[in-house]
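Engineer: Chain by chain, the residues:
Protein chains: 6
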Amino acid sequence: MMELEGKKVLTIIEDDFEDSELIYPHYRMQEAGADALIAGPVADKVYTGKNGVPVKSDAAFHEVEIKEFDAILVPGGWAPDKLRRYDAVLEMVKFMMNEQRVVGQICHAGWVLVSADVLNERTVTSTPGIKHDMINAGATWVDEPVTTDGNLISSRRPPDLPAYGRALVEAIR
Amino acid sequence: MMELEGKKVLTIIEDDFEDSELIYPHYRMQEAGADALIAGPVADKVYTGKNGVPVKSDAAFHEVEIKEFDAILVPGGWAPDKLRRYDAVLEMVKFMMNEQRVVGQICHAGWVLVSADVLNERTVTSTPGIKHDMINAGATWVDEPVTTDGNLISSRRPPDLPAYGRALVEAIR
Amino acid sequence: MMELEGKKVLTIIEDDFEDSELIYPHYRMQEAGADALIAGPVADKVYTGKNGVPVKSDAAFHEVEIKEFDAILVPGGWAPDKLRRYDAVLEMVKFMMNEQRVVGQICHAGWVLVSADVLNERTVTSTPGIKHDMINAGATWVDEPVTTDGNLISSRRPPDLPAYGRALVEAIR
Amino acid sequence: MMELEGKKVLTIIEDDFEDSELIYPHYRMQEAGADALIAGPVADKVYTGKNGVPVKSDAAFHEVEIKEFDAILVPGGWAPDKLRRYDAVLEMVKFMMNEQRVVGQICHAGWVLVSADVLNERTVTSTPGIKHDMINAGATWVDEPVTTDGNLISSRRPPDLPAYGRALVEAIR
Amino acid sequence: MMELEGKKVLTIIEDDFEDSELIYPHYRMQEAGADALIAGPVADKVYTGKNGVPVKSDAAFHEVEIKEFDAILVPGGWAPDKLRRYDAVLEMVKFMMNEQRVVGQICHAGWVLVSADVLNERTVTSTPGIKHDMINAGATWVDEPVTTDGNLISSRRPPDLPAYGRALVEAIR
Amino acid sequence: MMELEGKKVLTIIEDDFEDSELIYPHYRMQEAGADALIAGPVADKVYTGKNGVPVKSDAAFHEVEIKEFDAILVPGGWAPDKLRRYDAVLEMVKFMMNEQRVVGQICHAGWVLVSADVLNERTVTSTPGIKHDMINAGATWVDEPVTTDGNLISSRRPPDLPAYGRALVEAIR
Numbered sequence: 001m002m003e004l005e006g007k008k009v010l011t012i013i014e015d016d017f018e019d020s021e022l023i024y025p026h027y028r029m030q031e032a033g034a035d036a037l038i039a040g041p042v043a044d045k046v047y048t049g050k051n052g053v054p055v056k057s058d059a060a061f062h063e064v065e066i067k068e069f070d071a072i073l074v075p076g077g078w079a080p081d082k083l084r085r086y087d088a089v090l091e092m093v094k095f096m097m098n099e100q101r102v103v104g105q106i107c108h109a110g111w112v113l114v115s116a117d118v119l120n121e122r123t124v125t126s127t128p129g130i131k132h133d134m135i136n137a138g139a140t141w142v143d144e145p146v147t148t149d150g151n152l153i154s155s156r157r158p159p160d161l162p163a164y165g166r167a168l169v170e171a172i173r
Numbered sequence: 001m002m003e004l005e006g007k008k009v010l011t012i013i014e015d016d017f018e019d020s021e022l023i024y025p026h027y028r029m030q031e032a033g034a035d036a037l038i039a040g041p042v043a044d045k046v047y048t049g050k051n052g053v054p055v056k057s058d059a060a061f062h063e064v065e066i067k068e069f070d071a072i073l074v075p076g077g078w079a080p081d082k083l084r085r086y087d088a089v090l091e092m093v094k095f096m097m098n099e100q101r102v103v104g105q106i107c108h109a110g111w112v113l114v115s116a117d118v119l120n121e122r123t124v125t126s127t128p129g130i131k132h133d134m135i136n137a138g139a140t141w142v143d144e145p146v147t148t149d150g151n152l153i154s155s156r157r158p159p160d161l162p163a164y165g166r167a168l169v170e171a172i173r
Numbered sequence: 001m002m003e004l005e006g007k008k009v010l011t012i013i014e015d016d017f018e019d020s021e022l023i024y025p026h027y028r029m030q031e032a033g034a035d036a037l038i039a040g041p042v043a044d045k046v047y048t049g050k051n052g053v054p055v056k057s058d059a060a061f062h063e064v065e066i067k068e069f070d071a072i073l074v075p076g077g078w079a080p081d082k083l084r085r086y087d088a089v090l091e092m093v094k095f096m097m098n099e100q101r102v103v104g105q106i107c108h109a110g111w112v113l114v115s116a117d118v119l120n121e122r123t124v125t126s127t128p129g130i131k132h133d134m135i136n137a138g139a140t141w142v143d144e145p146v147t148t149d150g151n152l153i154s155s156r157r158p159p160d161l162p163a164y165g166r167a168l169v170e171a172i173r
Numbered sequence: 001m002m003e004l005e006g007k008k009v010l011t012i013i014e015d016d017f018e019d020s021e022l023i024y025p026h027y028r029m030q031e032a033g034a035d036a037l038i039a040g041p042v043a044d045k046v047y048t049g050k051n052g053v054p055v056k057s058d059a060a061f062h063e064v065e066i067k068e069f070d071a072i073l074v075p076g077g078w079a080p081d082k083l084r085r086y087d088a089v090l091e092m093v094k095f096m097m098n099e100q101r102v103v104g105q106i107c108h109a110g111w112v113l114v115s116a117d118v119l120n121e122r123t124v125t126s127t128p129g130i131k132h133d134m135i136n137a138g139a140t141w142v143d144e145p146v147t148t149d150g151n152l153i154s155s156r157r158p159p160d161l162p163a164y165g166r167a168l169v170e171a172i173r
Numbered sequence: 001m002m003e004l005e006g007k008k009v010l011t012i013i014e015d016d017f018e019d020s021e022l023i024y025p026h027y028r029m030q031e032a033g034a035d036a037l038i039a040g041p042v043a044d045k046v047y048t049g050k051n052g053v054p055v056k057s058d059a060a061f062h063e064v065e066i067k068e069f070d071a072i073l074v075p076g077g078w079a080p081d082k083l084r085r086y087d088a089v090l091e092m093v094k095f096m097m098n099e100q101r102v103v104g105q106i107c108h109a110g111w112v113l114v115s116a117d118v119l120n121e122r123t124v125t126s127t128p129g130i131k132h133d134m135i136n137a138g139a140t141w142v143d144e145p146v147t148t149d150g151n152l153i154s155s156r157r158p159p160d161l162p163a164y165g166r167a168l169v170e171a172i173r
Numbered sequence: 001m002m003e004l005e006g007k008k009v010l011t012i013i014e015d016d017f018e019d020s021e022l023i024y025p026h027y028r029m030q031e032a033g034a035d036a037l038i039a040g041p042v043a044d045k046v047y048t049g050k051n052g053v054p055v056k057s058d059a060a061f062h063e064v065e066i067k068e069f070d071a072i073l074v075p076g077g078w079a080p081d082k083l084r085r086y087d088a089v090l091e092m093v094k095f096m097m098n099e100q101r102v103v104g105q106i107c108h109a110g111w112v113l114v115s116a117d118v119l120n121e122r123t124v125t126s127t128p129g130i131k132h133d134m135i136n137a138g139a140t141w142v143d144e145p146v147t148t149d150g151n152l153i154s155s156r157r158p159p160d161l162p163a164y165g166r167a168l169v170e171a172i173r
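Residue numbers (the working numbering), protein chains in the order written: chain A, 1 to 173; chain B, 1 to 173; chain C, 1 to 173; chain D, 1 to 173; chain E, 1 to 173; chain F, 1 to 173.
One or more hints might be untrue.
[Unchecked claim] One-sided and incomplete, this derived list gives chain A residues near chain F with beta-carbon spacing under 8 Å:
#, residue
1, D19
2, I23
3, Y24
4, Y27
5, Q30
6, N51
7, V53
8, E121
9, H132
10, L161
11, G165
12, R166
[As the list claims (entries may be wrong)] Have a look at the derived ranges for each label pair, beta carbon to beta carbon:
#, chain 1, residue 1, chain 2, residue 2, range
13, A, N98, F, I135, 55 to 63 Å
14, E, A43, D, F95, 30 to 38 Å
15, D, E63, B, V46, 25 to 33 Å
16, A, N98, B, G138, 48 to 56 Å
17, E, D35, D, E144, 17 to 25 Å
18, A, G52, B, N120, 37 to 45 Å
19, D, D58, C, N98, 26 to 34 Å
20, B, V46, F, I135, 23 to 31 Å
21, A, V46, D, F95, 48 to 56 Å
22, A, N98, C, E3, 50 to 58 Å
23, A, M1, E, D143, 49 to 57 Å
24, E, N120, F, P145, 26 to 34 Å
[What the hints assert, rightly or not] Chain E residues, not near chain F, derived (Cβ > 12 Å throughout):
#, residue
25, D70
26, E144
27, P158
Since the hints were made in silico from the structure, they are not lab data.
For each residue, glycine too, the CB sits at the ideal point set by N, CA and C.
Only chain A is shown next, with the shape it has when bound in the complex (with noise of 0.2 Å):
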């Protein structure tokens, strides 16, 4: 049996995400067996990565059932500047940090967490430049490739993705 199977594992998605920060996690928990889905503000739309990948969401968020996954993944890039003006979004990322449940951000993901105000005494990383917005949001950040704070995973930028991938699948299994 594969490793996640009979998980399910929601990324989230707008314009301007940092391409490979999305596309690796997304496909590394389809092969791992779990069920991944992709939600948007809009479904069936086509989005397009900062360097211009395009990828196609398969629902919006106001038609998800978050109660239903086992882990929620934000990606960097712009995309977290948009994704942290939906009140859905940081219900759905509330919703998971309360329930334990996992949430993975890489890079500049972290914003989507401040605003959702789930940063309090958590210990993260991200790109460096959100960096003092994350710790004032209360959370204690370190620069290390992929940090593991219990149901909290971060990392920092596409050459970590590899660690970010181990780190997901270890900590949704």
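The hints should help you fit chains B, C, D, E and F onto chain A, whose structure is shown.
Structural biologist: Same frame as chain A, now just chains B, C, D, E and F:
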């Protein structure tokens, strides 16, 4: 005599600045008679706005004698995510804030002030997207076209540029 | 009271306008208190500048009551090559010239005035590229940042925008 | 023997040429046996068409011995707005017109002939956009796919290229 | 009378065609007097070349009465990778080859003939990149600007277009 | 111990690779513990994917000691059309096939194996677009997400990446 004759104004630049948020205030300062300079990581280099407008830097950050300036302007777009990572930028902003000289910021520019740690107990506006980052940095956030809190002038987005220009001229003269 | 309060200013738009030559004067009019409107071939449509800046039209040419306006502004770039082909544009420009109301033109905008046949015995400047077209249309051509010949204000290129803005405010008020 | 064997034809180039208006006549001259050369401001430099086609120059304007050529071809697009600013270009066009050698122009190419001041009392066609510039330069303007007035061959736009090619071969041989 | 008067020539199109390899032969056929039509998957749709040139289709594949045509032309670029997947395209190419009517192919166009299975014991040229695909399909491959093997005319790349145009006119008339 | 610890995997690169088909397998190999290297025509050069993702090469083809590698991966997109023209690439692929070491190919990557002449009597899958090229090269073609024929692993397109990643890890360990 023109309103800002004898005044010196510095605009800081990096790639992906919001085009009109850099262009409008910069030319407006010149129209009012100020000596307006653009400084970036490298001198005499063309930086490209988020929409594609090319703008050349006059000087490098390290060449700027910040003491000689009456105001510093920070554009929005994705440039602030880059600008906040330069110590030279943070020191210039801190100096201007400490000296109570005019600091102008618009849209996402607030990230630079967050990293310079100068927003505690100040009143500001910005794109709603970074509202939480500014509040977490100690600021009171208001949703207005332009807000003047002593030497600190802030604005929200391109359609607010007329109000922002007026407030800048008023504050600097 | 602001300098241009109660004044109405029309900017005309088509794709490939020189981005800053449209943005700066338009916002500048608003800063001075004018009611500034943008009209294009179609209303509420986003036109894209030569460098990529998107600007939405407020009205269609045929909806404009030109009699109500105190000034008309023509941007540069490649838009004038398109604008000069609309009878509605040529008629608005002729009306404003006949009525001695302010007509502002910058860079390649002069092509529109050539086609409106209103440059005979007028003094103008422009990008040097279209100098011969303006002279052949009967104008005296000068190489200056901004030239004011009665109601006709002309300018050369983006770095002249501060002088152009000043001359426009002066002429319209 | 091919129709244009022994003939030399010069095409002049700058960025933003209308792609097919440069490519088609240039290759057509070669197909007919002519020795066809492309000259730009700089030799061996790739210039990019308005739509994106890259074309490399064979020689710089100042290296061209215009006396050796039987014809000169000016492409359309925005390149003519640039080409008309080079004295070397204007002199080559004047020389060819004075010598009654073939001059081919299409679409916006007429601007170059306006600046070379060679259109007085000549019959031409062009894109309707620059019709007034050509009439003001002394020309009689007709709306036809191709017009041959002695050594001067003019055409309107890409769909007229077949007629233009035929007229050029006819005139040069 | 023009060389190809009364002849009908079909060019097939898909996105990412090599711009000049489609434009030149198509206009050349018209210059020689042929009735030249462009067919794509959909009628009256703008397809965009690899470099960016837009070309509109006149008809859809399924609307073409291939029996009425004297020649079919296949452009290069990445379009052949798409064109070879349409049964309607393969059938048109087979019909023309069986009927010994002219088939023109340039650069990567050979992939379409490979999939139509019509290259056995034929002599062809192409971009060297697909040389092995053509040899494996049964062809003898030569490295020449243009090769004429009965009704089958093939060419290598854009600089060979003059030779290709000449060979096509010769073969079709 | 990780599954691929001690293994060395080479990915070959050229411009216009299918972005996710290069990124996913490369990072996946690293996640499993392999030492993964990217080689292109030139070392330390940024190559750009078909959609725009930039990836830097670690080494040049001629610097690679292919004997040291346990697997070679060929991405899809238009890169294979370029990669198949390098003798160094064809020799590396032949060596790996002769030594029965793992060769991974996806989408259009098969063209490289066609030119290396290593598909005779092998079973493969690929994008349907190049099916005939592979069959003509002697292969049996199947339409499956991933096909493993001894040391040769092939896959069809991006949505098959999870299955491809799993098959690669399985084959290399």
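Engineer: Now tell me if each hint is right for this structure.
Structural biologist: Hints, one by one, checked against the model:
1. D19: Holds: closest Cβ of chain F sits about 5 Å from D19/A, inside 8 Å.
2. I23: It holds, given that the least Cβ distance between I23/A and chain F is near 5 Å, below 8 Å.
3. Y24: 5 Å, holds
4. Y27: 5 Å, holds
5. Q30: 4 Å, holds
6. N51: 4 Å, holds
7. V53: 5 Å, holds
8. E121: Hint violated; E121/A Cβ to chain F Cβ min 30 Å, cut 8 Å.
9. H132: For H132/A, the interface hint is violated, since the closest Cβ of chain F sits about 28 Å away, which is over 8 Å.
10. L161: Status holds, d = 5 Å.
11. G165: 5 Å, holds
12. R166: Status holds, d = 5 Å.
13. N98/A - I135/F: 55 to 63 Å: 56 Å, holds
14. A43/E - F95/D: 30 to 38 Å: Hint violated: Cβ distance 48 Å, outside 30 to 38 Å.
15. E63/D - V46/B: 25 to 33 Å: Since the Cβ atoms of E63/D and V46/B sit about 29 Å apart, the hinted range of 25 to 33 Å holds.
16. N98/A - G138/B: 48 to 56 Å: 27 Å, violated
17. D35/E - E144/D: 17 to 25 Å: 21 Å, holds
18. G52/A - N120/B: 37 to 45 Å: Holds: the Cβ-Cβ distance is about 40 Å, inside 37 to 45 Å.
19. D58/D - N98/C: 26 to 34 Å: 51 Å, violated
20. V46/B - I135/F: 23 to 31 Å: 51 Å, violated
21. V46/A - F95/D: 48 to 56 Å: Distance hint for V46/A, F95/D holds at roughly 55 Å.
22. N98/A - E3/C: 50 to 58 Å: 56 Å, holds
23. M1/A - D143/E: 49 to 57 Å: Distance hint for M1/A, D143/E holds at roughly 56 Å.
24. N120/E - P145/F: 26 to 34 Å: Once the Cβ atoms are compared, 33 Å apart, the range 26 to 34 Å for P145/F and N120/E holds.
25. D70: 27 Å, holds
26. E144: The claim stands: E144/E keeps its Cβ more than 12 Å from every Cβ of chain F (closest is about 18 Å).
27. P158: 16 Å, holds
Violated hints, listed in ascending order, are 8, 9, 14, 16, 19, 20; each of the other numbered hints is respected by the structure.
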